[in-house]
Amino acid sequence: MVPKAQAGRGGNIPTGLIRLREVSQCLTESACNVERNLRILVTVPTLRLAGAVAALGSVLAEDACRGCAHQYLEAGARISAWASGRFVDATLSYIDDQEACFGGLRLRGKRDSMHRLPSGFPERADARFPDEIRADVAAGLACTLGIAGQRHSARCPHPVIVAGEPKAFRDDVEALAACDTRLHIRGRLDPGHGLTDWFRHPVLRVHAIPELSEAPWAAELRPRLLIVRGSVGWMASSRRLWPGVPILALISRRSPAGCEVAATIRAFGWPRAIALPPALSDLLRPGHGLEVSAYVEPEAAPHDEDLW
Amino acid sequence: VTTIGDVFALWRAAEQPTVMVTRLPWPELEAVTNAAIGLRPSVERSTVAAEMLRGALSTRQLLSATPLPPNDGLAGISYLVRRINEFLEGHPGHSLDKSLRALQSSLVALLASSSIVGEWFANVLSEYGEDENGTPEAVVVVPRRAWVQAVRAWLHKEELTCADVMTPGDLRQCCTARKALILAGHPSSSFSSGWKAPDVAIREHGWLFTAPPAGTIRLALTADAPLLDEAALWLAPSQDHPILAIEDHGPRRETPSSHQWVTNTFDATFVRRTPRQHVDTDDGVPAIEVVTASRHSIFFNPELGPRRKL
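Read top to bottom, the protein sequences are chains S and A.
What the first sequence shows, in the working numbering, is residues 1 to 308, in sequence order.
What the second sequence shows, in the working numbering, is residues 1001 to 1310, in sequence order.
Note that these hints are calculated values from the structure, not bench results.
We put the CB at the ideal spot given by N, CA and C, even for glycine.
One should not assume that every hint holds.
[Said to hold, decoys possible] What the simulated footprint calls covered on chain S by chain A, stretch by stretch (three residues with Cβ under 8 Å from a Cβ of chain A suffice, anywhere in the stretch; the number is not a length):
| # | segment |
| --- | --- |
| 1 | 43–50 |
| 2 | 259–266 |
| 3 | 288–296 |
[Said to hold, decoys possible] Computed footprint of chain S on chain A, listed as stretches where at least three residues anywhere in the stretch have a Cβ under 8 Å from a Cβ of chain S:
| # | segment |
| --- | --- |
| 4 | 1010–1024 |
| 5 | 1197–1206 |
| 6 | 1226–1237 |
Just chain S, with the same shape it has in the complex (with noise of 0.2 Å):
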């Protein structure tokens, strides 16, 4: 359920940043019915509070998994699951209707925390679930804390993705959580660091979306929505790892260099989104300090650079 947009310190919640929330949330879930390579252009007042506040809204999405790689779970296969209160990497040793056995564990009941990783994912350790977040994962998921660390991990396989400037929206979150403890915001949105702590956090920050060529593991991944936060994260950003994902990107008006992306877009001069869901094309209406532009990025050459 959404919640209310309120505030307990600060007043109540400023419409633009409200508006950027049911955006977000929608184009979450309107991706599968949007044109591949889109581009959500929004240029806002401030930076600050708007990644979170859009991760909010994108976390808040019914994303369905539709027959993702990360649910063929076989004997063999490299998993990321929950088990004994921790997050693990283990090889499944062994599957059936009733459990699963992998690194010495025996599972039953609902796989819904178990994730096949795709073949190169690099290995990590196992990670124990802290204990701060806990409750509020737990009262955010409307779940017991004894199963709160499983129901993370099962709505962890397609993460929400901020790129540029992690460590100013690390303190947006929190910002946003001391605000108003009942949205459960740290719960819900626990920002995880880099593309491989995928399968163990809703949300993950990276300074630049990577490109193929530096993670293709990645490929075999969906992330629910790409958030890009300022003008660096743009620039530095690949946009063209999964071109099924829109990218919603957010440029502050304040910034001289967000200036100088939005004329660069302009310049572009990529087509403008037509065919886009009703409900997704009211929500892109300018309002409330917003600018907001759809364009559609023409699909790259696969091997442009051959041409010079």
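Here the structure of chain S is known, so what remains is to put chain A in place on it, guided by the hints.
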């Protein structure tokens, strides 16, 4: 320390800011502008014409964007008058004699006048005070850092101490919203320079109107300044940006002179020079030939190089 309330206030301020434009007639400043524009066709062939044009427009930039009086040292009017005097005495019967004398007399008249913009600042600032935390409700925006100290001194002298003075660069870092943002001068000229064209300047500083750290923007424009083009303040195409409430109670017609000074004078592409290869002239002195837009050839000493670009 920025609180969540401060950030919310910034967002709210941008939702529907009010832009109140006041038109100020300043005939002496207009006369200087028109006299300086009269020198425009001569800048290609005359260093003094270029220098005076640049100087007069810099004076206009300062006087239309700050409350400083015409006799302030930063305006440089005395220098320009003295420089014209020296030139005319040293070059009797020069072809620019008439134009320079016209500029000189208009500068003298301007020097004797008082700043209309300063009066406006004084009136507007008297409407604002301090909030309960002792923070000034209004911020005076000064386009250049070099002018800040002089503006502060002027405000202190006028006992208008209930206002902060900031450059746009300072305001970018400022995360608290005030009641009013007070600025003067057309953004496309106030913030432009030899390195920043007017269209770029207004786009980069449009956020002072579209994402302001205050709910109200009070802007003073001289009567001959061009209209404040709302579309130029935003970054997105016209169908993608919100409508800004601009209250311009002044004359809304676009005069030829205002159009000329804002578009042509600062436009670097207006003067096109075509450098050619190093040539030896008939008198045996090596020189660099430059062909101007008017297809005149000018030869420069290869060591000293051409004069600075306008």
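Here is what the structure says about each hint:
1. 43–50: Holds: 6 residues of the segment 43–50 of chain S have a Cβ under 8 Å from chain A.
2. 259–266: holds (count 4)
3. 288–296: Check passed, 6 qualifying residues.
4. 1010–1024: holds (count 7)
5. 1197–1206: Our answer is that it holds, as 3 residues pass the Cβ test (under 8 Å) against chain S, meeting three.
6. 1226–1237: Our answer is that it holds, as 4 residues pass the Cβ test (under 8 Å) against chain S, meeting three.
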